[in-house]
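S.K.: Just so you know, we're using our numbering here: the sequence shown kicks off at 51 and counts up by one.
Keep in mind that the hints were calculated from the coordinates and are not lab data. There's no promise every hint is true.
Restricting the straight-line Cα-Cα distance to at most 20 Å, the calculated cross-link-like pairs of lysine to aspartate or glutamate (EDC-like) are [as the list claims (entries may be wrong)]: (1) 242 <-> 107; (2) 241 <-> 134; (3) 78 <-> 114; (4) 237 <-> 86; (5) 251 <-> 272; (6) 241 <-> 278; (7) 63 <-> 134; (8) 280 <-> 134; (9) 242 <-> 279; (10) 53 <-> 107; (11) 241 <-> 85; (12) 235 <-> 187; (13) 275 <-> 296; (14) 237 <-> 85; (15) 241 <-> 187; (16) 286 <-> 134; (17) 235 <-> 107; (18) 286 <-> 296; (19) 78 <-> 112; (20) 237 <-> 294; (21) 64 <-> 134; (22) 280 <-> 217; (23) 56 <-> 134; (24) 63 <-> 114; (25) 251 <-> 114; (26) 237 <-> 187; (27) 242 <-> 278; (28) 275 <-> 292; (29) 251 <-> 294; (30) 235 <-> 217; (31) 291 <-> 272; (32) 251 <-> 279; (33) 53 <-> 91; (34) 235 <-> 86; (35) 251 <-> 292; (36) 190 <-> 279; (37) 237 <-> 114.
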Amino acid sequence: MIKYQKTKGLSDKKTHYCPGCTHGIIHKIVAEVLEEMNLLDNTVGVASVGCSVFSYDYFNIDMEQAPHGRACAVATGIKRVLPDRFVFTYQGDGDLASIGIAETIHAANRGENISVIFVNNAIYGMTGGQMAPTTLEGQKTTTSQLGRNHATQGNPIKVSEIFSQIDGVAYVERIAMTSPQNYRKAKAAIKKAFSYQLAGKGFTMVELLSTCPVNWGMAPADAMKWIDEKMTLTFKPGVYKDIDHD
């Protein structure tokens with residue numbers, strides 16, 4: 051009897067992600083949910099620009115590459131032209147919360163029936179560790195070498211809290227990717243977000259607090275602890291909106 055096997059939702063291509071990065075775990079969870087919900091043959095995923103730019107090589111589904119920050123605009127076009135397809139975006143915090151914040155907010159405000167997987171590691175990973183909109187107060191990056199200062203650089207943007215206030219949004223949840231227990235929570239949240247899209251309930255988003263050991267200058271285990279001990283103080287995990295239970 052088979053107790054475990056690799057999901058058919060992932061290809062055999064070797065990952066390019068750094069050791070300790072949780073993008074790979076998130077890919078696995080998303081792919082498993084797509085397979086379990088029988089969506090592999092009817093899904094179009096939209097890859098963003100950032101560390102996950104090559105996600106189209108890893109998912110065994112139809113994928114489209116969007117220009118930087120435009121994933122939700124591209125997803126909107128796909129969903130409107132092909133309303134029978136399941137459509138999701140996979141975006142990092144630099145892509146979604148910086149250059150793509152307008153496209154994402156307006157897609158949410160219109161109640162576009164798409165799902166967003168938002169990976170928040172509080173830094174620009176692919177381009178060398180610059181400060182991102184989600185960088186924590188006091189966090190050192192290549193462009194905030196003394197630590198982020200809210201007086202001159204603003205406060206970290208809390209995406210889930212902002213999107214929970216938008217009428218077109220059906221579901222928003224944030225989970226820290228730091229333990230097997232939380233991975234199960236993430237899978238349940240993604241499955242709920244996807245089921246809401248299938249039911250035509252509107253825009254859904256799952257925010258996942260992810261590690262970036264290389265740009266944080268930490269060992270992978272220390273990066274996991276940093277999420278739990280630092281990131282979750284600013285980005286509190288939890289359900290921020292659920293139209294079926296609010």
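S.K.: Each of the hints needs a verdict: does it hold here or not?
M.R.: Right, here's what the structure says about each hint:
With a C-alpha separation of about 25 Å, the suggested pairing of residue 242 with residue 107 is violated against the 20 Å cut-off. The hinted pair formed by residue 241 and residue 134 meets the criterion: a straight-line CA distance of about 18 Å does not exceed 20 Å. This hinted pair checks out: residue 78 and residue 114 have alpha carbons roughly 19 Å apart, not beyond 20 Å. Of the supplied pair hints, the one linking residue 237 and residue 86 holds, its CA atoms being roughly 11 Å apart against a limit of 20 Å.
Note on residue 251 and residue 272: the hinted pairing is violated, with a Cα-Cα distance of about 39 Å set against a maximum of 20 Å. For the given pair, residue 241 sits about 24 Å from residue 278 by alpha-carbon distance, which is inconsistent with the 20 Å threshold. At most 20 Å may separate the alpha-carbon atoms for a hinted pair to count; residue 63 and residue 134 exceed this at roughly 29 Å. A threshold of 20 Å between alpha carbons decides the hint, and for residue 280 with residue 134 the separation of about 41 Å lies outside it, so the pair is violated.
With a C-alpha separation of about 27 Å, the suggested pairing of residue 242 with residue 279 is violated against the 20 Å cut-off. Proposed proximity of residue 53 and residue 107 is contradicted: the alpha carbons are some 27 Å apart, above 20 Å. As the CA atoms of residue 241 and residue 85 are separated by approximately 11 Å, the hinted pair is consistent with the 20 Å bound. Proximity of residue 235 to residue 187 is assessed by CA-CA distance (about 27 Å); at most 20 Å being required, the pair is judged violated.
Under the criterion of a C-alpha separation no larger than 20 Å, the hint pairing residue 275 with residue 296 is inconsistent with the structure, at around 32 Å. Of the supplied pair hints, the one linking residue 237 and residue 85 holds, its CA atoms being roughly 12 Å apart against a limit of 20 Å. Note on residue 241 and residue 187: the hinted pairing is violated, with a Cα-Cα distance of about 32 Å set against a maximum of 20 Å. As the CA atoms of residue 286 and residue 134 are separated by approximately 35 Å, the hinted pair breaks the 20 Å bound.
For a cut-off of 20 Å, the pair hint linking residue 235 to residue 107 is broken: about 26 Å separates their Cα positions. With a C-alpha separation of about 18 Å, the suggested pairing of residue 286 with residue 296 holds against the 20 Å cut-off. Distance hint between residue 78 and residue 112 is fulfilled; the C-alpha atoms sit about 16 Å from each other, no more than 20 Å. Between residue 237 and residue 294 the CA atoms are separated by roughly 19 Å; this keeps the pair inside 20 Å, and the hint holds.
Among the hinted pairs, residue 64 with residue 134 is inconsistent with the structure: their alpha-carbon atoms are about 31 Å apart, more than 20 Å. With a C-alpha separation of about 30 Å, the suggested pair residue 280 and residue 217 falls outside the 20 Å cut-off, and the hint is violated. With a CA separation close to 27 Å, the supplied pair residue 56 and residue 134 exceeds the 20 Å bound. For the suggested pair residue 63 and residue 114, the alpha carbons sit about 18 Å apart, so the restraint of at most 20 Å is met.
Simply put, residue 251 and residue 114 have alpha-carbon atoms about 23 Å apart, too far for the 20 Å limit, and the pair is violated. Proposed proximity of residue 237 and residue 187 is contradicted: the alpha carbons are some 29 Å apart, above 20 Å. Using a Cα cut-off of 20 Å, the hinted pair residue 242 and residue 278 is violated, with the two alpha carbons roughly 24 Å apart. Straight-line distance between C-alpha atoms of residue 275 and residue 292 comes to about 29 Å, which puts the hinted pair past the 20 Å bound.
Under the criterion of a C-alpha separation no larger than 20 Å, the hint pairing residue 251 with residue 294 is consistent with the structure, at around 10 Å. The hinted pair formed by residue 235 and residue 217 fails the criterion: a straight-line CA distance of about 25 Å is larger than 20 Å. At most 20 Å may separate the alpha-carbon atoms for a hinted pair to count; residue 291 and residue 272 exceed this at roughly 31 Å. Annotation: proposed proximity of residue 251 to residue 279 is violated, straight-line Cα distance about 35 Å (limit 20 Å).
Between residue 53 and residue 91 the alpha-carbon distance is near 24 Å, which puts this suggested pair outside the 20 Å criterion. Pair hint residue 235 plus residue 86 holds up; C-alpha atoms about 16 Å apart against a cutoff of 20 Å. This hinted pair checks out: residue 251 and residue 292 have alpha carbons roughly 10 Å apart, not beyond 20 Å. Distance hint between residue 190 and residue 279 is fulfilled; the C-alpha atoms sit about 16 Å from each other, no more than 20 Å.
A threshold of 20 Å between alpha carbons decides the hint, and for residue 237 with residue 114 the separation of about 23 Å lies outside it, so the pair is violated.
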